[in-house]
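Residue numbers (the numbering used here), protein chains in the order written: chain B, 29 to 303; chain R, 178 to 577; chain S, 18 to 325.
Do not rely on the hints blindly, as some may be mistaken.
[What the hints assert, rightly or not] Below, a list of computed lysine-lysine pairs in the DSS-like style, where the Cα atoms sit at most 27 Å apart: (1) Lys524/R / Lys232/B; (2) Lys68/B / Lys106/B; (3) Lys68/B / Lys524/R.
[Stated by the list, open to error] Derived list of chain S stretches under chain R, where covered just means 3 residues or more per stretch with a C-beta under 8 Å from a C-beta of chain R: (4) 88-96; (5) 101-107; (6) 140-154; (7) 162-176; (8) 215-223; (9) 243-257; (10) 284-291.
None of these hints come from the bench; they were simulated from the model. All of these numbers come straight from a predicted model, not from anything done at the bench. All C-beta atoms, glycine included, are put in the ideal place defined by N, C-alpha and C.
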Amino acid sequence: MAHPLSTPRSLLQTEGTVAATPAPPPALQVGGLTVAYGEKPVVFSVDMSVAQGTMTAIVGPNGAGKSTLLKAVLGLVKPLSGEVRLFGLPLSRARDRVAYVPQRASVDWDFPARVIDVVLMGLHRELGLLRRVRPAHLDRARACLARVGMEDFATRQIGQLSGGQQQRVFLARALAQSADLYLLDEPFAGVDAATEKAIIAVLKDLRAEGRTIVAVHHDLSTIRAYFEHMFLINMRAIAAGPVAEVFTAANLQRAYGGRLGEAQVAGMQAGDATP
Amino acid sequence: MIWQALTLQLGYNATLVAIGATMLGIAAGVTGSFLFLRKRALVSDAVSHATLPGIGLAFIVMVALGGEGRFLPGLMLGAAVSSGLGLLVIGWMIRRTRLTEDAAIGAVLSVFFGAGIVILTVIQSMQAGRQAGLESVLLGSTAGMLRADALVIAAGGALVLLLVMLLRRPMLAVGFDPDFAAVTGTNVARIDLAMMGLVMAVTVLGITTVGLVLIVALLIIPAVTARLWTDNALRMVGLAGLAGGLAAFVGAAVSATAPALPTGPIIVLASFVLFVLSIALAPARGGVALLLRQMRFRRRVHRRQGLLALAAGQPIHEPFTLTLLAREGMARADGVPTEAGRIAAAKALLDEARWAALRGDPAQGLTASRYDGLTPIETVLTPDQIAELDRHLPRPQAVI
Amino acid sequence: MGAEFVALSLTPLLIGVLAAVTCALPGNFLLLRRQALIGDAISHVVLPGIVVAFLLTGRVAALPMMLGAAGAALVSVVLIEAVRRTARIEAGAAMGVIFTTLFAAGVLLLEQSDTSGVHLDVEHALYGNLESLIWLDATGWASLLDPVALSGLPPELPRMAVALLIVALSIAVMWRPLAIATFDEGFAATLGLPVRAIGLALVMLAALAAVAAFDAVGSIIVIAMFICPPAAARMMTDRLLAQAAWSVGFAILSAVLGYVLAGYGPLWLGFANSVSAAGMIATVSGLILGVTMMIGPCRRRAGGATVH
Numbered sequence: 029m030a031h032p033l034s035t036p037r038s039l040l041q042t043e044g045t046v047a048a049t050p051a052p053p054p055a056l057q058v059g060g061l062t063v064a065y066g067e068k069p070v071v072f073s074v075d076m077s078v079a080q081g082t083m084t085a086i087v088g089p090n091g092a093g094k095s096t097l098l099k100a101v102l103g104l105v106k107p108l109s110g111e112v113r114l115f116g117l118p119l120s121r122a123r124d125r126v127a128y129v130p131q132r133a134s135v136d137w138d139f140p141a142r143v144i145d146v147v148l149m150g151l152h153r154e155l156g157l158l159r160r161v162r163p164a165h166l167d168r169a170r171a172c173l174a175r176v177g178m179e180d181f182a183t184r185q186i187g188q189l190s191g192g193q194q195q196r197v198f199l200a201r202a203l204a205q206s207a208d209l210y211l212l213d214e215p216f217a218g219v220d221a222a223t224e225k226a227i228i229a230v231l232k233d234l235r236a237e238g239r240t241i242v243a244v245h246h247d248l249s250t251i252r253a254y255f256e257h258m259f260l261i262n263m264r265a266i267a268a269g270p271v272a273e274v275f276t277a278a279n280l281q282r283a284y285g286g287r288l289g290e291a292q293v294a295g296m297q298a299g300d301a302t303p
Numbered sequence: 178m179i180w181q182a183l184t185l186q187l188g189y190n191a192t193l194v195a196i197g198a199t200m201l202g203i204a205a206g207v208t209g210s211f212l213f214l215r216k217r218a219l220v221s222d223a224v225s226h227a228t229l230p231g232i233g234l235a236f237i238v239m240v241a242l243g244g245e246g247r248f249l250p251g252l253m254l255g256a257a258v259s260s261g262l263g264l265l266v267i268g269w270m271i272r273r274t275r276l277t278e279d280a281a282i283g284a285v286l287s288v289f290f291g292a293g294i295v296i297l298t299v300i301q302s303m304q305a306g307r308q309a310g311l312e313s314v315l316l317g318s319t320a321g322m323l324r325a326d327a328l329v330i331a332a333g334g335a336l337v338l339l340l341v342m343l344l345r346r347p348m349l350a351v352g353f354d355p356d357f358a359a360v361t362g363t364n365v366a367r368i369d370l371a372m373m374g375l376v377m378a379v380t381v382l383g384i385t386t387v388g389l390v391l392i393v394a395l396l397i398i399p400a401v402t403a404r405l406w407t408d409n410a411l412r413m414v415g416l417a418g419l420a421g422g423l424a425a426f427v428g429a430a431v432s433a434t435a436p437a438l439p440t441g442p443i444i445v446l447a448s449f450v451l452f453v454l455s456i457a458l459a460p461a462r463g464g465v466a467l468l469l470r471q472m473r474f475r476r477r478v479h480r481r482q483g484l485l486a487l488a489a490g491q492p493i494h495e496p497f498t499l500t501l502l503a504r505e506g507m508a509r510a511d512g513v514p515t516e517a518g519r520i521a522a523a524k525a526l527l528d529e530a531r532w533a534a535l536r537g538d539p540a541q542g543l544t545a546s547r548y549d550g551l552t553p554i555e556t557v558l559t560p561d562q563i564a565e566l567d568r569h570l571p572r573p574q575a576v577i
Numbered sequence: 018m019g020a021e022f023v024a025l026s027l028t029p030l031l032i033g034v035l036a037a038v039t040c041a042l043p044g045n046f047l048l049l050r051r052q053a054l055i056g057d058a059i060s061h062v063v064l065p066g067i068v069v070a071f072l073l074t075g076r077v078a079a080l081p082m083m084l085g086a087a088g089a090a091l092v093s094v095v096l097i098e099a100v101r102r103t104a105r106i107e108a109g110a111a112m113g114v115i116f117t118t119l120f121a122a123g124v125l126l127l128e129q130s131d132t133s134g135v136h137l138d139v140e141h142a143l144y145g146n147l148e149s150l151i152w153l154d155a156t157g158w159a160s161l162l163d164p165v166a167l168s169g170l171p172p173e174l175p176r177m178a179v180a181l182l183i184v185a186l187s188i189a190v191m192w193r194p195l196a197i198a199t200f201d202e203g204f205a206a207t208l209g210l211p212v213r214a215i216g217l218a219l220v221m222l223a224a225l226a227a228v229a230a231f232d233a234v235g236s237i238i239v240i241a242m243f244i245c246p247p248a249a250a251r252m253m254t255d256r257l258l259a260q261a262a263w264s265v266g267f268a269i270l271s272a273v274l275g276y277v278l279a280g281y282g283p284l285w286l287g288f289a290n291s292v293s294a295a296g297m298i299a300t301v302s303g304l305i306l307g308v309t310m311m312i313g314p315c316r317r318r319a320g321g322a323t324v325h
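For reference, chain B alone in the conformation it holds in the complex:
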């Protein structure tokens, strides 16, 4: 069995060979990333690599640094050390290829805006400061809403939406950015079953279009059904790779430690194997 560190490290080391072959650079590559709040490291010396056109879940217990990792990738928190590259470029040169879906609870939904206004925010790079919103823009925003099943809510005040509907609006805003890499922070947290189904369908569509999806995910029971790759983290990178290889009782034990009973893991794998 390989040392836990060797998996992500070896991913990073392929860098040299990548340059030599015409293979596309990873959609996301993180090397030696450490983020601390105060004097408490939340993410410690993490390496990560996500190939283009894949769908990856970032998994780990509460407080394991999942969201922080995502935020550091996006430059929203300043890392203590480490490097992030998106499509082989630094963040500043790859911004328009990345879309971010923050946690729903991170904003105050009591903001004077309609659903369509929020989706139009995703078109900001085209609209800029003063360009008028033209019918073409509105059509695109409506199309994004339709993709998440929210076309009838375009003029609704955002504060009147349910949690699931708010999450769909956030996804529609990200769709409007038509990015190549989608980073989602807990997209299924606190949403209804129908929304969860709708969101995963959209994500799989995006994946089929060749786009890359990375989502912080906390529900171990759905990982096999939703994702093909997973990245297990608990401050340190624990394991990374195809779900089939990484989603083992031993790895989960290493990530969750005492927080996950062995019976729980065994039951989950058994329950997952049936469908």
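Add chains R and S to chain B, keeping to what the hints say.
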């Protein structure tokens, strides 16, 4: 002159005023600590500004009844009534409308103050109001303070202190965790009300000395200053009282030497000086100590990451890591590890592997939670435990 | 009536209206960003800024004072942030430390320096003196076309107009980034928007509004204009643009009604003297807010839908 003032040699009256101000400062610092712990520091700004219309109306009523308009207890009563009304309005706005606390505070503060200014201009046009000099409530003045007034302030400050002593436990509980306090049977709403009542009392007492525009400083700055020195809530309350009392005493004494010096601003500046000194000097949470600790922390992180990279035979990209390792003799400037570096790297890698094993063991949840990527495992486990752990390591360490 | 009105009331009224609108515009965003009290802090530090500018230049001139106040606003924002981080305390407490200290320093400097020859004192700083901004050269409405009379306009009027123009234009240009960064700062940052600079720009606009309006209405009333018209507007609509429009309307209404009530209200009640116009404007804006909080169609949070 200033020395004489500080040693209370400016006569009976000045001494009395200094004592009154000191009592006020202690009461304000202590009360403000609880307000600060409850994260409602700026509510006091609304409370103080909202006193103005009450002061004005009380003056008008007392004059209309044929009394002395500047009778301090009467003005205090008016101040208390209108600031109490302001507090009720803030609470109503937060509960019943979509406005947030900051907007409610700002709206009440400015509108009540505006109404107070209107009433002040009415008073100025009154016969008795021409010499009222009520403007002194804005910035405070101890010049010409009556002996009785100083006594009222000192006694009031002592009373507030007594009440705070009685209520300290429930107020701390509510400030620390209101939900838990509610579950354990504390009436949070009533304690909050009592706390705001005490804040109101301090404000009302402080109007003549510090002035209503600046009294909020006496509630906030000593509390923030004390917070820098300790993590213990009760000790913080005591230190805040000390800082508030000291600042108020210095302010009152200095302004007694020169009538042109308004008391309020001097007290505020004195407490700010204490705050700045604390930022510089406080060992626990002071800014300088914090900065040094953060720099040391950053070095530890980079050293550890560098060693792990050396152990894995990876190149080190970060210049800071490389400089650090080179300076400590762990690596050459081009990143090749020295002998000492190799040994340290192997140790770091072993430590990391032991931690990984520990963290994967469900029975070790509590110990494993102390992992921060930096703490050597020897500090949390005994040699016996480590030996036991090593037997479960995936592979004997032969990295170098 | 006409001549007297133009000479004594027209300019203070206009200045009051311009000041109220200039403050209300950035106030909309301060309100939505839960930074209403930044307005409080800024309006207090305007005083030390002006005093320092006066001490440095030795005269009461508009430009140095504007720069001094803007500098003080910048310094206070930086200090608040520094205190918040080094002492690790909530923003409200950090504000309380900084603005009271700076204000105290301003008062002390003012009391210690010789300002006997100039129009600068603490009471004036707190609640202004709108009534004194009269147009003595005016003889009637015709004076509006008379260049000689126009040159005698109180300088506060054109100054306030320029301030409004700058504030309104800046907010129009920054509208979209401001709205995005206000609603979702994290998302705004991933778009590459300079969220810190946007936040700072808003604070500087508020500072400009506060300095310009300071002359006319004083620092405390400025806070009322930052908060009350936008808050009342929030009770009327759920759309940002409409909210800004309502806030402008409420600001104008507060200024006009407040000025008229202060000037003529006491006379109607049989008193001989008028009362403080700035104070009355703040009071009226509070009354308008009170009414909208009772009957505004959007006064409540959108029902519990946010919680799942």
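Enumerated hints in conflict with the structure, sorted upward: 1, 4, 7, 8
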